[in-house]
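First to last, the sequence lines map onto chains A, B, C, D, E and F.
Sequential numbering from 38 applies to the first sequence in our numbering.
Sequential numbering from 38 applies to the second sequence in our numbering.
Sequential numbering from 38 applies to the third sequence in our numbering.
Sequential numbering from 38 applies to the fourth sequence in our numbering.
Sequential numbering from 38 applies to the fifth sequence in our numbering.
Sequential numbering from 38 applies to the sixth sequence in our numbering.
Each hint should be verified, as a subset may be incorrect.
The list makes no distinction among identical chains, and a pair is therefore deemed to hold if it is satisfied within one copy or across any two copies.
What the hints assert, rightly or not - Simulated crosslink set (SDA-like; lysine to any residue; CA at most 25 Å straight-line):
| # | residue 1 | residue 2 |
| --- | --- | --- |
| 1 | K135 | F41 |
| 2 | K128 | N87 |
| 3 | K128 | D61 |
| 4 | K96 | T45 |
| 5 | K128 | G60 |
| 6 | K128 | Q65 |
| 7 | K128 | A88 |
| 8 | K96 | P66 |
| 9 | K128 | H95 |
Just so you know, these hints were derived from the structure itself, not from any lab.
The model shown is predicted, which means the values in this text are computed figures rather than measured ones.
Residues per chain are reported as follows:
Protein chains: 6
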Amino acid sequence: MDDFEHYTTIPQFNRMRLDILYGDVWQQPELTPRDRSLVTCAILGALGKNAELEAHMHKAIENGVTPDELRGLVVQLAVYAGWPVGVNSAKAGLDIFKAHPPAEGD
Amino acid sequence: MDDFEHYTTIPQFNRMRLDILYGDVWQQPELTPRDRSLVTCAILGALGKNAELEAHMHKAIENGVTPDELRGLVVQLAVYAGWPVGVNSAKAGLDIFKAHPPAEGD
Amino acid sequence: MDDFEHYTTIPQFNRMRLDILYGDVWQQPELTPRDRSLVTCAILGALGKNAELEAHMHKAIENGVTPDELRGLVVQLAVYAGWPVGVNSAKAGLDIFKAHPPAEGD
Amino acid sequence: MDDFEHYTTIPQFNRMRLDILYGDVWQQPELTPRDRSLVTCAILGALGKNAELEAHMHKAIENGVTPDELRGLVVQLAVYAGWPVGVNSAKAGLDIFKAHPPAEGD
Amino acid sequence: MDDFEHYTTIPQFNRMRLDILYGDVWQQPELTPRDRSLVTCAILGALGKNAELEAHMHKAIENGVTPDELRGLVVQLAVYAGWPVGVNSAKAGLDIFKAHPPAEGD
Amino acid sequence: MDDFEHYTTIPQFNRMRLDILYGDVWQQPELTPRDRSLVTCAILGALGKNAELEAHMHKAIENGVTPDELRGLVVQLAVYAGWPVGVNSAKAGLDIFKAHPPAEGD
Numbered sequence: 038m039d040d041f042e043h044y045t046t047i048p049q050f051n052r053m054r055l056d057i058l059y060g061d062v063w064q065q066p067e068l069t070p071r072d073r074s075l076v077t078c079a080i081l082g083a084l085g086k087n088a089e090l091e092a093h094m095h096k097a098i099e100n101g102v103t104p105d106e107l108r109g110l111v112v113q114l115a116v117y118a119g120w121p122v123g124v125n126s127a128k129a130g131l132d133i134f135k136a137h138p139p140a141e142g143d
Numbered sequence: 038m039d040d041f042e043h044y045t046t047i048p049q050f051n052r053m054r055l056d057i058l059y060g061d062v063w064q065q066p067e068l069t070p071r072d073r074s075l076v077t078c079a080i081l082g083a084l085g086k087n088a089e090l091e092a093h094m095h096k097a098i099e100n101g102v103t104p105d106e107l108r109g110l111v112v113q114l115a116v117y118a119g120w121p122v123g124v125n126s127a128k129a130g131l132d133i134f135k136a137h138p139p140a141e142g143d
Numbered sequence: 038m039d040d041f042e043h044y045t046t047i048p049q050f051n052r053m054r055l056d057i058l059y060g061d062v063w064q065q066p067e068l069t070p071r072d073r074s075l076v077t078c079a080i081l082g083a084l085g086k087n088a089e090l091e092a093h094m095h096k097a098i099e100n101g102v103t104p105d106e107l108r109g110l111v112v113q114l115a116v117y118a119g120w121p122v123g124v125n126s127a128k129a130g131l132d133i134f135k136a137h138p139p140a141e142g143d
Numbered sequence: 038m039d040d041f042e043h044y045t046t047i048p049q050f051n052r053m054r055l056d057i058l059y060g061d062v063w064q065q066p067e068l069t070p071r072d073r074s075l076v077t078c079a080i081l082g083a084l085g086k087n088a089e090l091e092a093h094m095h096k097a098i099e100n101g102v103t104p105d106e107l108r109g110l111v112v113q114l115a116v117y118a119g120w121p122v123g124v125n126s127a128k129a130g131l132d133i134f135k136a137h138p139p140a141e142g143d
Numbered sequence: 038m039d040d041f042e043h044y045t046t047i048p049q050f051n052r053m054r055l056d057i058l059y060g061d062v063w064q065q066p067e068l069t070p071r072d073r074s075l076v077t078c079a080i081l082g083a084l085g086k087n088a089e090l091e092a093h094m095h096k097a098i099e100n101g102v103t104p105d106e107l108r109g110l111v112v113q114l115a116v117y118a119g120w121p122v123g124v125n126s127a128k129a130g131l132d133i134f135k136a137h138p139p140a141e142g143d
Numbered sequence: 038m039d040d041f042e043h044y045t046t047i048p049q050f051n052r053m054r055l056d057i058l059y060g061d062v063w064q065q066p067e068l069t070p071r072d073r074s075l076v077t078c079a080i081l082g083a084l085g086k087n088a089e090l091e092a093h094m095h096k097a098i099e100n101g102v103t104p105d106e107l108r109g110l111v112v113q114l115a116v117y118a119g120w121p122v123g124v125n126s127a128k129a130g131l132d133i134f135k136a137h138p139p140a141e142g143d
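My request is simple: use the sequences and hints to build the entire structure.
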């Protein structure tokens with residue numbers, strides 16, 4: 038499907054995406070884009086929104102989060118949101134983790 | 038798979054589906070079928086049960102909920118259950134939203 | 038605590054409450070206030086947000102939802118979101134249910 | 038409040054409690070009462086229904102689950118549903134755990 | 038994908054899987070392997086982790102849980118975690134339920 | 038109750054808290070303590086673990102997260118995990134937000 042069709046067929050939802058989500062929330066200065074991305078990945082992982090998590094992990098990399106920091110996030114999710122959440126978050130970031138081996142052993 | 042095989046292989050679960058879910062709960066007079074459908078879609082969306090939500094959105098249309106009301110539901114879910122819930126609910130109703138353009142602009 | 042202190046100490050959150058939540062979402066025409074209230078109660082109940090559910094049940098009554106319709110909502114929540122959700126939703130509406138006996142027996 | 042008032046003010050909900058929950062589900066032979074109690078505690082813990090979990094932990098003891106088995110359940114919940122779920126489940130069983138010291142060291 | 042690639046690309050997560058999850062938690066004596074499997078299936082079902090539930094249902098059979106006991110688990114999940122959780126848990130165990138017809142009618 | 042009684046009455050749980058949670062996970066180098074705290078608050082907020090969130094917000098401040106960053110977290114939680122999650126997270130941090138007025142207007 039067209040990636041935005043579920044927005045454009047609901048005009049008020051699309052308007053909220055542009056004006057509120059991206060035009061307001063993501064522009065607020067309290068969190069840097071890097072921190073906002075990290076926090077968003079933590080929220081999406083905890084809620085089990087795996088497809089959205091995968092997309093936001095890539096956005097997090099663009100915003101300056103490192104692959105190793107995402108590895109740390111996976112562990113924190115596994116412990117605080119339950120092992121299966123860790124597993125699913127690891128799968129969501131698999132492309133990133135494969136492309137960027139860990140900086141140090143464990 | 039056969040759509041009901043996961044019921045018929047668990048006889049007591051199938052009996053509960055027929056006698057309790059459809060024979061009792063959905064027949065109770067406190068909510069009209071239209072309202073019960075609307076409420077069920079709200080519950081399923083909030084819980085992230087997207088496949089079940091898609092099926093119940095079609096049932097909701099049959100029971101008199103309009104496509105525009107489902108659009109309103111998507112927004113309410115996005116705000117009260119979180120943006121990714123709105124996104125997934127919008128995708129669950131995409132066939133309906135594409136077939137029925139919004140009655141009014143936003 | 039002051040009922041709005043958790044908003045006013047986070048100015049951007051308070052602004053979003055006034056401009057977006059009440060100034061935009063609740064004014065959108067796709068759902069009537071009555072339906073939006075009913076849907077909101079369903080979402081809050083499913084998510085286990087019991088204090089917020091209690092407040093919105095009272096708002097739902099103001100918006101034209103009847104006590105018997107809220108009884109129907111409790112049953113639908115118990116079945117689709119799990120028995121303990123039904124129990125907690127029933128407790129959230131207890132003042133309403135005590136003040137308004139059921140219109141008909143079951 | 039009267040412990041059953043949230044049921045008796047919603048007659049169809051009370052009827053379902055008596056006829057379906059206790060008259061049917063809990064009488065089904067596939068699970069022994071001991072296993073059904075253990076499973077119910079696991080579900081309630083995972084869902085964060087702590088007050089209901091506390092009640093069902095006591096019922097589980099009556100049905101033959103041992104305090105040490107509930108200790109094992111707390112650990113399994115902590116690992117598979119997240120550490121805070123373990124913490125809340127441990128608090129839900131605190132009276133039991135205090136009254137019955139562990140059978141063996143760890 | 039390689040079944041363990043999401044672990045091996047996050048070395049500390051893989052270490053925790055081997056040392057903590059399998060080397061410690063699953064070896065603790067408070068729950069028998071059969072009971073720990075039954076409890077784990079209940080947790081995974083309640084949390085909607087359907088792929089993990091399917092894998093653990095097979096492990097539960099190996100650990101001595103019977104297909105009929107899993108049928109009972111599905112019903113208990115449907116009632117306490119909501120009907121769609123029962124449906125998804127029934128689907129997770131469908132291969133087992135098809136291969137092992139119920140021991141007794143309902 | 039004694040703050041650690043729910044741990045000490047379950048010896049293996051207490052051991053895991055000391056050896057795994059604090060002795061291992063929180064010592065892993067992939068996330069700084071500041072980032073690990075921020076991420077943990079995001080997870081706890083998303084999961085609705087409000088008492089644990091309150092405790093970890095204070096720990097986050099000790100680890101270098103600023104009150105304004107926690108304000109940003111509340112907004113991100115409200116948008117991505119649903120408005121009531123934002124409300125409850127704001128309440129969890131109220132003492133911090135009252136003691137530290139926002140650095141800049143919104």
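* Output the numbers, in ascending order, of every earlier hint that fails for this structure. => none
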